[in-house]
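Guided by the hints, dock chain X onto chain L, whose structure is given.
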Amino acid sequence: MSVADLDAPASPAGMFGLRDVAERALVEDSADVIVIGSGAAGATSARVLSAAGLEVIVLEEGSVLSAPRSDMYTSFKHHWRDMGLQAAEGRAFTPLLQGRVVGGTTVMNGAIIHRLPEPIYDGWAAEHAVNRSFSYAELERVFDALDRELMVGPAPDAVFGENNRLMQLGVERIGATGNRIQRSVSGCRGSAHCNQGCPTRRKQSMDVSFIPRALEAGARLYYQCRAERVRAKRSRAEAVEGRFVDPVTRARGPRFRFHARRAIVVCASAIQTPGLLAASGVGRRSRLLGERLQAHPGTGVVGVFDAPVKMSFGATQGYESKHFWHERMKFEAVGMPLEFAAARLPGIGPALMQELASFDHLAIWGVQIRAEAQGQVRRGLFGGTSVHYDLTDADVERLKLGVSRLIQMMFAAGAREVLPGVHGLPERISSPDQAAPLAALPSDPRRFHCIAAHLFGTAKLGLSPHSSVVDLQGQVHDSPGLYVMDSSIFPTNLGVNPQHSISALAWLLSERLAERKAP
Amino acid sequence: MGLLPFEKRWLVSVITCLIPSGASERLPEGAADLPLERFIDDLLAHAPLKFLLGLRACLWVVSLAPCVVLGRLRLFHQLGDEEQLQLLTRFKDSDAYLVREMPLLFKMVGCLAYGGHPRIQARLALEPRDETPPDWARTASQRAPETPGGDS
Numbered sequence: 001m002s003v004a005d006l007d008a009p010a011s012p013a014g015m016f017g018l019r020d021v022a023e024r025a026l027v028e029d030s031a032d033v034i035v036i037g038s039g040a041a042g043a044t045s046a047r048v049l050s051a052a053g054l055e056v057i058v059l060e061e062g063s064v065l066s067a068p069r070s071d072m073y074t075s076f077k078h079h080w081r082d083m084g085l086q087a088a089e090g091r092a093f094t095p096l097l098q099g100r101v102v103g104g105t106t107v108m109n110g111a112i113i114h115r116l117p118e119p120i121y122d123g124w125a126a127e128h129a130v131n132r133s134f135s136y137a138e139l140e141r142v143f144d145a146l147d148r149e150l151m152v153g154p155a156p157d158a159v160f161g162e163n164n165r166l167m168q169l170g171v172e173r174i175g176a177t178g179n180r181i182q183r184s185v186s187g188c189r190g191s192a193h194c195n196q197g198c199p200t201r202r203k204q205s206m207d208v209s210f211i212p213r214a215l216e217a218g219a220r221l222y223y224q225c226r227a228e229r230v231r232a233k234r235s236r237a238e239a240v241e242g243r244f245v246d247p248v249t250r251a252r253g254p255r256f257r258f259h260a261r262r263a264i265v266v267c268a269s270a271i272q273t274p275g276l277l278a279a280s281g282v283g284r285r286s287r288l289l290g291e292r293l294q295a296h297p298g299t300g301v302v303g304v305f306d307a308p309v310k311m312s313f314g315a316t317q318g319y320e321s322k323h324f325w326h327e328r329m330k331f332e333a334v335g336m337p338l339e340f341a342a343a344r345l346p347g348i349g350p351a352l353m354q355e356l357a358s359f360d361h362l363a364i365w366g367v368q369i370r371a372e373a374q375g376q377v378r379r380g381l382f383g384g385t386s387v388h389y390d391l392t393d394a395d396v397e398r399l400k401l402g403v404s405r406l407i408q409m410m411f412a413a414g415a416r417e418v419l420p421g422v423h424g425l426p427e428r429i430s431s432p433d434q435a436a437p438l439a440a441l442p443s444d445p446r447r448f449h450c451i452a453a454h455l456f457g458t459a460k461l462g463l464s465p466h467s468s469v470v471d472l473q474g475q476v477h478d479s480p481g482l483y484v485m486d487s488s489i490f491p492t493n494l495g496v497n498p499q500h501s502i503s504a505l506a507w508l509l510s511e512r513l514a515e516r517k518a519p
Numbered sequence: 001m002g003l004l005p006f007e008k009r010w011l012v013s014v015i016t017c018l019i020p021s022g023a024s025e026r027l028p029e030g031a032a033d034l035p036l037e038r039f040i041d042d043l044l045a046h047a048p049l050k051f052l053l054g055l056r057a058c059l060w061v062v063s064l065a066p067c068v069v070l071g072r073l074r075l076f077h078q079l080g081d082e083e084q085l086q087l088l089t090r091f092k093d094s095d096a097y098l099v100r101e102m103p104l105l106f107k108m109v110g111c112l113a114y115g116g117h118p119r120i121q122a123r124l125a126l127e128p129r130d131e132t133p134p135d136w137a138r139t140a141s142q143r144a145p146e147t148p149g150g151d152s
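Chains L and X are the protein sequences, given in the same order.
Its first residue numbered 1, the first sequence is counted upward by one per residue in this note's numbering.
Its first residue numbered 1, the second sequence is counted upward by one per residue in this note's numbering.
Chain X on its own, in the form it takes in the complex:
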């Protein structure tokens, strides 16, 4: 199950709000500085259907939430940085379990990409780390073809 192009843009905007650029001197890169769309494509191609259905449902809820939560007739990605953060903070602090799990789900997805990239690990001086970026972070020409039956 894939996401439609506009849904992918929504997802990128949620993750980049959670993991922003320029918020820390030691970690100036945010999720937007990585090829996040390629990560999302890879995730969508391999994750189990049940997870993807859940992810999509949460994405729609968050995207349409500004209207209900902030009283703004806009989609999430159309909000400014501060309003986006304010909205996700409301979700995170909610007493409703399913609501407060939503930002966590997106954070988990974003952090799998962000925390696993050698460039970020190098910023934090983590060892050992891979010399090459993971498959999803390479350009198409750098990527090894995904041969059925190949070892890993």
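Isolated chain L (complex conformation):
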């Protein structure tokens, strides 16, 4: 099977990119609601608002994924923000992975589905009064609807894959519990290419689910369309301005001005949303805009097995353990493409080539932690954004414990060798005892190679304009008609993969918006 043999995606009717408007001096359009961003939050909001009979325009900075390729570089270049090279700065660099494509990060993620954990909701209710806006029962109703629409189910036997099966074995043998991951995929063929954009388009990412549904209901989507600021008229948000820009060639197209009769909904992500609000001169009263960035940093451990593992087949991420969730950590199998795995291997030169030659025998599992660290998003020196994020000592201790448990699982599953990827440990260990020095290493994040893919809290919601950026309906306190519905408004991180929670909040808040009287 080759990628070229596979079906092309659905026709982008109702979608307009740079080439459609290149000849125009200024692009203008209007609708009841303008949604900025087409990821889990934006696409869900567009789907709910258009189904409620409102005229919706969606703006997306990225392009359309029309013919996924299997190499990561092409994927990075076309569909990831800053070519996948965006990183938070602290004592260590932490790559921040975000999609920049119609469908947002849902196009590039592992399609992992989790409901907002009830203890997290309870904390939000106690400290941020979210119960005055929505109950957990209302969230459950939306989660049920999302499950149906996104075809959520566990990774099936036929495409479970050896990397996932071995992790199940390791988890069970150390006496922990685990489960097949619930994923939003219909008819997965196990190509293990979730991170490049599903080559068979079976993953129910937003570009094949809620965006087409919103378009069918009459929404229009402008892509390669970078929102720069929100304009207000008599203090009410009424227009979005920006420019069409090709995200790959950086070729500049015409400027645009889109008018909103009822509302503007920002769903640009916890990194981009604060910048857009700041550039629009709103949301700054509490001094929390861009502050309190939270994340789920994670790192991976490589196991070498005698029998082939073949990470290149199976659900990219099909098995997990939440057994230690109360300790703020969660474990997942991570089927990495060769390019990612290669960079994670310890060798250089001939040693690296030997490691690559045995790629078939490698398994990779990761730990992600619900970190306490809080970072900041600022305007960058070279344009764009600059992110500062530094793990606390307690976070690093959790990482150490998490890596130590992964090593135990690997050996329990029969790994011949484990490559811990921690500076201060041997590059290769052949028994769990050899990982013992890990506990005594200093709490320094520079000893690990972490990435962060789940980002929250930079425009958090709450009752008071003095302690939050948006109110409990998602409306920016000092800007009537301007809403934020992405993970920026989450008061804290979750400890689980957030796509479903992001969609659920956007769904609920969009329902409320649709019910509101027009101004």
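Take these hints with a grain of salt, some might be off.
[Stated by the list, open to error] Just some of the chain X residues that point at chain L, by a computed CB distance under 10 Å:
hint : residue
1    : F6
2    : S24
3    : W60
4    : K107
Everything labelled a hint here was simulated from the structure, so no lab data went into it.
Every value quoted in this text rests on a predicted model; they were computed, and no experiment measured them.
Think of the CB as a built atom: it goes at the ideal place given N, C-alpha and C, for glycine as much as any other residue.
Then chain X, alone, in the frame of chain L:
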């Protein structure tokens, strides 16, 4: 931001040291067997400025390092294979975070090119893989023009 022609040669020499040819029976090709300069050109044309500034700074440090680390009055690309590897191993094992991240940065860049090429993926029997090489690996006449506003 581009690299000067000599800087590009430096970068090629670092990557080919990290991903050498003929070191494995199953993977006889190394980075030098791919059109690495075209990959570098493509990367330089599209990567964010901050990354490119970092890459350039690391390249200068590694290129000038033989003098400090090995006591040899030569540039990195003028060293023999073994000395190059010895130098990068010293970097990789350093207790200084920024120093040991440098070979990793070059390895990441090299592996994006190497691991994503269908010829290498075919050697490892990875499926599914693309029938055609990525854009950067095609000759100018094979390459589709980069039309502003085109989908991908």
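Hint check, failures only: 1, 3
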